[in-house]
Amino acid sequence: MAPHKLRIDRDSSGLDGGLLARLHLDLPLLLLLLLICGLGLVVLYSASGQSAEQVDRQLLRLGVAFLLMIAIAQVPPVVLSRWSLPLFLIGLSLLLAVLLMGEQSKGAQRWLDLGVVRFQPSEILKLALPMMLAWYLSMRPTPPRLLDIAVVGLLIAAPVLLIAKQPDLGTAVLVASAGVTTLFLSGLRWRLIIGLCVLGAAATPLVWSLMRDYQRRRVLTFLDPGSDPLGAGYHIIQSQIAIGSGGLHGKGWLGGTQSQLEFLPERSTDFIFAVLGEELGLSGVVLLMLLYLAVILRGLSIAAQAPDAYSRLLAGSVTIVFFVYLFVNMGMVTGLLPVVGVPLPLISYGGTSLVTLMLGFGILMSIQTRRKLLQSE
Amino acid sequence: MLAEVFADRRGEKRLFRTRALVLAVLVVLSLALIGMRLFQLQVVRHEHFTTLSDDNRIKIQPMPPTRGLIYDRDGVLLADNLPSYALTIEPEKVDDLAATIAELSALLPISELDRERFRRLLPQRRRFEGVPIRLDLSQAERARFAVQSHRFPGVEIAAELSRSYPQGMHTAHVVGYVGRINEQELEQIDRSDYAGSTHIGKVGIEKYHEAWLHGHVGYQQAVVNARGRVLERREEKTPLPGRDLHLFLDLDLQRDAAAALGDRRGAVVAIEPETGGVLAMVSSPSYDPNPFVGGIGFKAYAALRDDIDRPLYNRAIRGQYPPGSTIKQFIALAGLASGVATAREGKYCGGYFQLPGHSHRYRCWRSGGHGTLAMEDAIVQSCDVYFYRLAHDMGIERMKTHLAEFGFGEPTGADIAGELGGLLPSPEWKRRARNQPWFPGETLIVGIGQGAFLATPLQLAAATAAVANRGTYMQPRLVSATRASLGAPLDPTEAKRRLLPDKDPAHWQTIVDAMTNVVEGRRGTARRIRNDDYRIAGKTGTSQVFTVGQNETYNEAEVAERMRDHALFVGFAPIDNPQIAVAVIVENGGHGGATAAPIARAVMDSWLLDQRVVPSTENAAETTSQ
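Those protein sequence lines, which keep their order, are chains A and B. Quick note: the first sequence uses numbering that gives the first Met the number 0, first residue 0, plus one each step. Quick note: the second sequence uses numbering that gives the first Met the number 0, first residue 0, plus one each step.
In isolation and in its complexed conformation, chain B is listed as follows (with noise of 0.2 Å):
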């Protein structure tokens, strides 16, 4: 058997024949495998791995659009876009790292802080991308650094626009300012209107004007290799960048009111009664905004937060006061446009007023009281009687109606981010609130602005104007207009008027005579302020933060200084044609003519015949003092 199968050499190469063509075969019919493999990759799936190619190399990159810059009236800028200058280091093109921060550091201070800062970003960012060791470069730091930048193959300086506000405090509570998106702003933000965007409007108007500063982004396509070097751009969709804004506010009434207030905890509103616009709008203490761009320190923002005079909290719109004193010309409209009272009728006091059946004395200020008197005469000299009168015979629910159609107890819709609304109280709002029951005394209390009755400096400004108006509340507003573009027309913003429903130009005549009174009349509580240039008419109000007792007498100096009244002044001028209401206050001020008229004075003195007010505290402490 062994022979025969030597002897069958031919067999032997006919079956390794046969055997080498099952091998080509079976090398055919892998081939084939593999060209149905590319069949299906190259023609079939063909569009499914093109898209998935250009997914690879293409990457849409959002350009984000250039804020919108914010103006005074006169065209002085409030918020800016400046560069700001970083130097940064290209890790791919630097050998030795910790070698050339030890060579920059010696030419420009670079803190621990800079350091931790670029060892945190180091990883983070790509090997040919930029990672700042320094920011913020001054000039000089800049040119000694382009002096040696030879030295520094891979070392550059970055320029980046950055929000900044040149006038600083003066215009931060107005203004507000922008500061990092954080989490829950991602949330209510078009995510993909902010791709590319690192900043967002957190307080004032730059909040509230979101919208118009941000403007819209754009996109470029930039074919990038597998590491993310982009190595072509292309088919740009440009950013439309933000509107710009222009103010009613003007910067110098802005500084004068800010003047005129020196370092007193309060707040100023100067409204335009024909157009509603704010002219100023100050809160003292204020900050400077600027640091908040770039993320204020820990620390730093700990300090003015746990300031205890809180230069954060924007006094203007959301400090709430008791209005005192200045709102009884609105209780005395109330009363003649709801037909309780007359203007010519008389009411007596002799120093307090009790409700029938009940012991309790409701005081006037003047304890010997002021005998009987009209309704011009009760407004001249803040007859407390007169109103308790006038509201126990008006009602809360009458009152409230009223007061409610001067825009109290309402945030009045100005365009600032943070605006609250008072509180007006009534009946209901007290079962609501409180779940107790309203009692007559209470009527009585916000007959003279005093109580849980709480107003913001705004709406005491905007109700003013609308006295000023004889009739139209004007519903305040900060942005006059918006522009495209630099050479682009100006869009003015719309004003919004209400026509208040008392249209009796009589009674309207009886409660500015009254206030005329009140600075030009012998008998008036703002008297000092009369001047022979212009005519005011206005209204003092010192409103309670310490209740005293019903067998006390107050005493300024016993009570502490943070404890004392807060002094309030509302007014208009001139009094033919208005061009200016004001609302001052001045907390824990005092009385309202002594110490917020004046400031009132200073500000339309500004306004109207253009007197600067010279900064000075002790100008300050001594109006305080008298």
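Excised from the complex, chain A in its bound form (with noise of 0.2 Å):
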């Protein structure tokens, strides 16, 4: 059986006992990484309006986040397993911190000045939550009682809230999405799903009441984005004409009329998919979502073949995290979903969410390479 095993997995690393094998890392993952960024540095060069520094940049961000990536993968899933409490403890209370000194900025206050670095607290919530909840959960029995939703529904609850304080609707979104996730992957059963399912809908109206005046204001005119087209539905109607008058083939790369004249509000960070929908059309969507479904794909993979309940979860997380980003981000700039702050995962301009992503991926590739060690144990 055992040999067996050893075999499919060789074959399936392709490059096994090279250089990757020794970096931890996971061939099918690392090329479609590769060919999103790659197509990612093209777009954005469009969007940044041909600007070379820009691209340059973001170049040296996605170098950056490639090697923490790539750090990461050497951390064995044990490790970050006994990581996990404290980086959840330290996320909470660096939450707590922005929220009592932290910067203000475009009227939400989401930065911590740490003196050389100034960062958002509420990234490491997308890592760590999950990690926090595998690590739980993964020494609970499967699947979870009462006791342990409850328990679960409060480490969630504690940094969600936190975070939409500040407020960060997008951020609040993919993070309580994490936690969801891996409650879910846990083995929650159906029936508590849909008993949760008929909560959460009945506590919209809380939700509604608990937003911001401009939170509110874009959830309407998302509803409607006739009814401001020259304030916050702007942003709405300009991706739509934008994505619309690609049609099928796009307008052609440095093509885009509204993208390069400026139409299109953010068309380099959250609203770049516009810019990649107007000039390469519906196959250069499609593309890019094939290649975004492969990488859920095998994220989701990686997950079902983990040999351990905190792997698993972990990976099945991040996995989802990721995809949440992407539809959260293309839902909002085609009009499907209201207006929030998320980038397109390692496409928009922009540092941040990257770093997140990649370490994410790093844990995915930690997982994946460990796989036949955990198992030859």
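Some hints could be false.
Stated by the list, open to error - Quick list of in silico lysine to aspartate or glutamate cross-link-like pairs, EDC-like style, CA-CA up to 20 Å:
#1 K58(B) <-> E235(B)
#2 K298(B) <-> E115(B)
#3 K58(B) <-> E261(A)
#4 K12(B) <-> D307(A)
#5 K206(B) <-> E184(B)
#6 K58(B) <-> E231(B)
Please keep in mind that the hints were generated in silico from the structure rather than gathered at the bench.
Take the two lone chains, each set in its own frame, and fit them into one complex as the hints suggest.
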């Protein structure tokens, strides 16, 4: 049984025994990531108004992010598991610190200035929460009991509420989805899932009452963008015009009038998907979606093959966070979802989410490449 | 049970795989949802969004046509388009606006008004559009700035065409002026054709011939970015410039007529009888139309508006005066045409006329009376009683019909804006306007051109031209020809002629002879303008401003200047081959023969002998005192 398994693994990793294996890298995932990032740079060059400077800076960030991915890939899941609780506690206290003494920017308090780096502690939670839940649930019986569910609920609610209070709806959604995914993967009973869904739907008015004015306006604008065509609705309208006018094959790289003539706001960051849609058309967009799907399926397959509960839960939830990223962004840009500040993963200009995402992929690779070692134990 | 659960590690893994599969399916479904949305946007509604995208970036920019020019009959420019220069600042390129303006003001005078306009316009314009800080730069100022322009990046001299009237007040009442389009006008014009146009004809020819002068708008497509900056221009439809107008007006004659009138209030209209073309049209005092183009200041406008001499009032076409005795030859013609009177039949003047059964005395200007007069002498000596009798015999209705043939009571229809029609009284008019019956005495008053009877100088000149033509009424017109562009052929305007019903040449000859004797006869009221170079036929008139009571006599010296009679003269020359018909009115000028006739003579001299009039206010004063 064991040798048979080993052979399959050797096949799937291809360059087994080579540099990749020694670096604990997963070739399919690595190739997919490189392809997506490459496509991202091509789109960014156009979206930035052909700014080689921006592309260079993004390239540098990608380099750093890939190095971090490789670094985290060297850490065995067992060690990650041990880090889970401290990391979660650090993240949570930093969130509290932000709330108490963080820096204001654009009406939200998200940043913490540590002298050397200014960063958003909420980013940490995108990984720390899945790790924490995976660690906790992996020690508890399957499927989780009501008490465990209550604990998990608290563990999710604490950071999510703190982040939502900053307010940063996008990150709150991502962190919450990470938590919920972990719970779901842990084998939560279906009737409980349905129950929670009903509860969630019933809580909508409560959420509405807790939302800030600008958040409510966003939701309203999303429901009827024409009501405010030059204000909040402008983003949605212009991005739909960009995508729609792209058609099947697009207006050609660097040829998008919406993006090149700056009608499209935030075109190199949150709305870069519209640039892709305008210039490369449906074909370009579908290509990117297929690459994304491949990454997700690879991630889920890594999770499914993982030997222990902690690795499984962590891999699954990291993968789904990636999916939620792109789904929320695409949904927002195409007008299916309200405008929340979530970048298009691996493509949007910027480094924060890139680092988090690549760390996530590093974890996936660590889990994938240590599978046989654990199994042979 | 706890052990059971722990034991089933394989079951746990299978459970996870199921859950992962569920998630995978959810992921695929979600992406399919996005895919469907994309299909809807990019395939189903592609055309819709393509249109919206084009609407975003392609702006249709109107290009205003160049306004047509206006020339006199010799090709002298009366209305021109001149480049006017403004100093503009492009805020995007200037770091410190205040410092730049301060430096500029060291170079050129920049008034507080300029700064105020700049502050007002600054937020209205886009960052890369020039905002004017100074208008109407002189050549010296432009030169001074040009030398220093390297110190002022983002500051530029911008040129645009603006209407200019080089003859200033000499042609103001004829040509008129253009001004900024106001809201009222905006509702009347074709807005698309005026997209890009800022000015429109306000008065005079500029207003009447707006359609010709304006031309038609052109368009260009401009590709703009989100901030409105033009990146590329394409697909031009060039504007069709306005037509140039060539007038009958002769600038020399116009100046001479104004000089002859001097600083007196009044009007001169000179018409070429053959064509009906207006050779000169002077209303005095006049004004400079140029400040109206850029927007005249409130103070300057108020000064013009409130001036007691009313310089803005075009007396030539809007001044409605009782024609007085200048109507008598037309009444005589009406008498001949209607068969009520003959040329030879005499009428007795004993100094006054009384209607049968009434005691009221309708007096002749000559209190001693003229004795018995035939028609010709009655005209020459301007006997009032003769015309009381004639009017009484004819009756108001017949008189009105014949006078209307000469264009009285209605605007002549000349191609100039603002013309009034005077008033030809009739029982029907009196009932309508005053709700009163017509009294027989009023018929007599109409017969000597007084009372409610009103005529404009243009009407008098046109009617006189019809006498010069011996029965052909030419509708007066100002524009002789139009032209699409400088090289294009001239397009003559059409003359509108009307043959008067009286076709008997003997009738016309009687009247022309009588008018000739007004000037040439020993007892003619205008004998002072007789000359050996050419022969003039004319008629003097004096119209009452101040009503003299039944038992008073009119003492010129006692009546305040502005209550004095208006002096009138109508005439044409030369008699056998009329080249010019003139109507002159001098407000409060006293007697027509003394005041108005010499002005007409000067105008005729200018036209027929090419003799210039030396403008002299003293000369004017002297004439008035005679």
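Now the hints, each set against the structure:
no.: 1; hint: K58(B) <-> E235(B); in the structure: 12 Å, holds
no.: 2; hint: K298(B) <-> E115(B); in the structure: 18 Å, holds
no.: 3; hint: K58(B) <-> E261(A); in the structure: 15 Å, holds
no.: 4; hint: K12(B) <-> D307(A); in the structure: 8 Å, holds
no.: 5; hint: K206(B) <-> E184(B); in the structure: 11 Å, holds
no.: 6; hint: K58(B) <-> E231(B); in the structure: 10 Å, holds
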